[in-house]
Amino acid sequence: MINFTINGQNVTALKGESILQAARKAGFYIPTMCYLEKTTPCASCRLCVVETDKTDGFILSCQTPPTEGLSVTIDSDRLKAERTNIMRLYDVNHPLECGVCDKSGACDLQNKTLEFGISAQHFSAKDQHRKIEHWGLINYDPSLCILCEKCVHVCNEIIGDDAIELQFGGYKSSVIPKNSDTLDCTFCGECIAVCPVGALVSSQFQYSANAWELSKIPATCVHCSAGCSLMYEVRHTSNSLGAKDKIYRVTNDFEHTTLCGAGRFGFDFSSEGSKDGEEFAKAIDAIKNADAIRFSSLITNEEAMILQTLKEKLGFKLYNEEARAYQNFMNAFGSISGKIGFGGSLDAIKQSDGIIVLGGRVSSDNPAVRYAMTTAARHNGAKVVYMHPMEDELLQNVVTQFVKYEVGTEEGVIAMLAKTLLETADLSEESRAYFDGLDEGYLCAESNVGDEEYARIAKTFARAKRKTLVIGSDVLTHKRSANIARLCAMIETYSEFAVVVVPTSVNTVGVSLICDLDTDNGGERVVGYNASGTYTIGSLGGVNLGLAPLNSQEGTFVSLNYQVLPTNVAVSYEGYTLNDLASSLGVVAENTIDYTAKLPKEKGFNGSVFDELGNFYSALGEDQRGYLLENRDVRADGKLEEIDDLPEFNGTVVYRCNPVNQFNGYTAQAQQLEKEAVLSGSAQFAAAAKISDGDKIRLEFPQSTQERIFKLDPVLKGTIALVPAYDVGFGGLNEQYRFEKVKIMRVGSES
Amino acid sequence: MHHEEVFTDRNVSESSAYYYVDIENYPTTGWDKFKQVVKRTFSGELFVGLWVVLREMIKFDIHTVQYPLEKLPIGPRYRAVHKLLRLWESGYERCIGCGLCEKICISDCIRMDTRIDENSRKEVTEYSINLGRCIFCGYCAEVCPELAIVHGQRYENASEQRAHFVIKDDMLTPLDMLKAGEQAEYPGFGAIIPGSDASVKKTPLAY
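One line per chain: the protein sequences are W and L, in this order. Just so you know, this note's numbering puts 732 at position 732 of the first sequence, and the rest follows in order with no gaps. Just so you know, this note's numbering puts 13 at position 13 of the second sequence, and the rest follows in order with no gaps.
One should not assume that every hint holds.
[Claimed, not checked] Straight-line alpha carbon distances no greater than 30 Å define the calculated BS3-like cross-link-like pairs of lysine-lysine that follow:
(1) W:172 with L:103
(2) W:131 with L:201
(3) W:80 with L:201
(4) W:246 with L:201
Please keep in mind that the hints were generated in silico from the structure rather than gathered at the bench. Bear in mind that the values here come from a model prediction, so they are computed numbers and not experimental data.
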């Protein structure tokens, strides 16, 4: 704690806080143009200057920590004059097109210009022609740009794309794509969000609506398990009476949160519905006579609760292989760690200085994890070890050690990793004997990960203080997932590592906590809720009875942080909801959210009523969304099993992995997101499978076949190709082990 | 006693032209009241009036305004149905789609839709004012930075359908009218004040 004064008032700052942060916490106002809470200070605007008694001249409060006893002045006349001059310079030749600017008044520059009373231009500079750049989803107008560098900082420090940079040239400076003619990035759109003026704008949203007409509806992103906070911005679509509302854009509280491209641009999955009584009756019949209900994890906790209650009443089975895999994994995990959940979180990853990622392609599976890793790497200099059969181009900037293991050998790799990390841990004799008894030679040889790589990991992490192990969703569906879970739990329990298991879908965690899931044995009469079945209901294309999609529903999700997150109705839905079906089947509630308070307390839910849950970040960045689940104790009676023979995957192997910004049937509908559903592989893969770029091919999986175009991806390496899953059927990704041996045949008339 | 009120001088003073109207006392007794009734009933005043009408009718010199064929001129600051103006030179709509009128409208009756056109410019695709709700306060004309929306002189609001109250094409100057030079530059509410040219300053640029 550091005590100092601002304008004569006593203020305390924590170690590592800047004067600006301490001042804001204490309620003082220091104007800034370029400051972003989540990045390192850009220090480009110089508006945050303050005076102190220990320095000559002005200092930048955003990047200077206070010292004990310092006396800071934040609003002297000299400072005001300095700031006013800065604002005058910002306004030099700034186009007077506020009327048509897409920022429509929600503009920092406009606010500050009015605040400082700049009414005329006192400086002059020769105006120059600057071309508006069109970068796909993003438009950039350099003449509006004030060069605050916020966009460059988020892109580099938080996202990790490192796709834009500042081209220095005095008055001619502008933001340009880095090492490329056009913008080549994952299109998260975070640069649009942080832009204080209308320089970087969404090309699809531009000029379609003004900021003040849009009602902001706080919600939770439904695309991956991170459950990011977002705002649906909704407006009427036309002037005619009874016109429906539409989501015009998605924004986020960019000071404290980050969104990926799917969250920001993949919002238009709402569907039209109507109350068709006949079909409704059929659906009721189908559920009454169903052997089972198969559902995806694109579902709220409340709906999951409805399904569970229906199951108890009607006695059908509940199928959700993806959530069941997670459930089994976490049960096995808990049998060692003694807790329901794991110890890590996205925040823990952000604060880590050492991260191991194993068994998942996080950059496309869960961008929030990737962003947290980038933040850790950039802000804490975190060492990142990435262990996977395939290298990931997008993680290149942050990964310090890539460990490639053979497909299917995760159990062996984790066992060896656990052995490495628990070298000095205080283990029971039994466990120590287990690790000593591992057949190192066999495991290393089969997994193709050498001793020296584990030795390097051990060396890297010996000095790290806050360590996180990120377990990807590959291992959840691995045949030996239970034992893998126990080994992971060993690492969490007996070392300083916090573990984060990355579930696949938005509410995989919630479903796994709420529902008793059965093994999917099929059945004659299966009702599919956003999943395949003999009778289907849901909000994805081609179902028999349409129900409300997730942006037309209120309810809660459980994120990978084990946080219960509320979401709200962005656009109204005229048709039925699952609650209507359940009410007709005798499980009666007025609203779906009546179930929020009834969520199982023994799993850690606290019984809060939906309307009491917050969904925002405070001005100082405190998370006020929903609540954290209580990490309850469970019986820790698990035993490590012997490592099974490691399987071999030879021949043409594909990896079920969606392209960046694609997750499920919802993102597949999004008009702005790229939908390249091709098999993409390296030249090596093409040679092995005897196919070439642009070929139409048939993929024969053990259970099904698909026809796709093959695309040669120069970035990929190795002999595994990526096959998307979001566009097939209902878009489930993680129902079986993600790697699969397939037969590939060319279709078409070329031969 | 004939008198014309002088509107320029509304001050009440000794010399001003206020005067008392000559009114007889009301009758108090029953007999007096009866006499008044008889006098009023049998006087020929009715025929005086009828004679005036007949006389004027056969003179064929009528002073009545032939509404709706003929209308009285109204003051320039009168706020009647809106007009959307075009630029004189190019014929483009003056409206830049800034939406300020929509925002300021206190009866919330203006709605517009915009889009980005082929030239990357903001284009107004839909513009409507629900005249059934409009209170003709004139804020929209006053806030418009482009003198694009003004209050015209058309004050008839009767129509068979409510939908007729909201049509953009009715408000916008037709192109042929513009070419014929018939678009009236608006001197009224929300317009720049006379002589504002004098107060325009040059941007202080060095070149």
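Taking the hints in turn, this is what the structure says about them:
1. W:172 with L:103: violated, 36 Å
2. W:131 with L:201: Distance of about 28 Å is within 30 Å: holds.
3. W:80 with L:201: Roughly 27 Å separates the two Cα atoms, so the pair holds.
4. W:246 with L:201: Distance ~44 Å between residue 246 of chain W and residue 201 of chain L Cα, so the pair is violated.
In this structure, the hints that do not hold are numbers 1, 4, in rising order.
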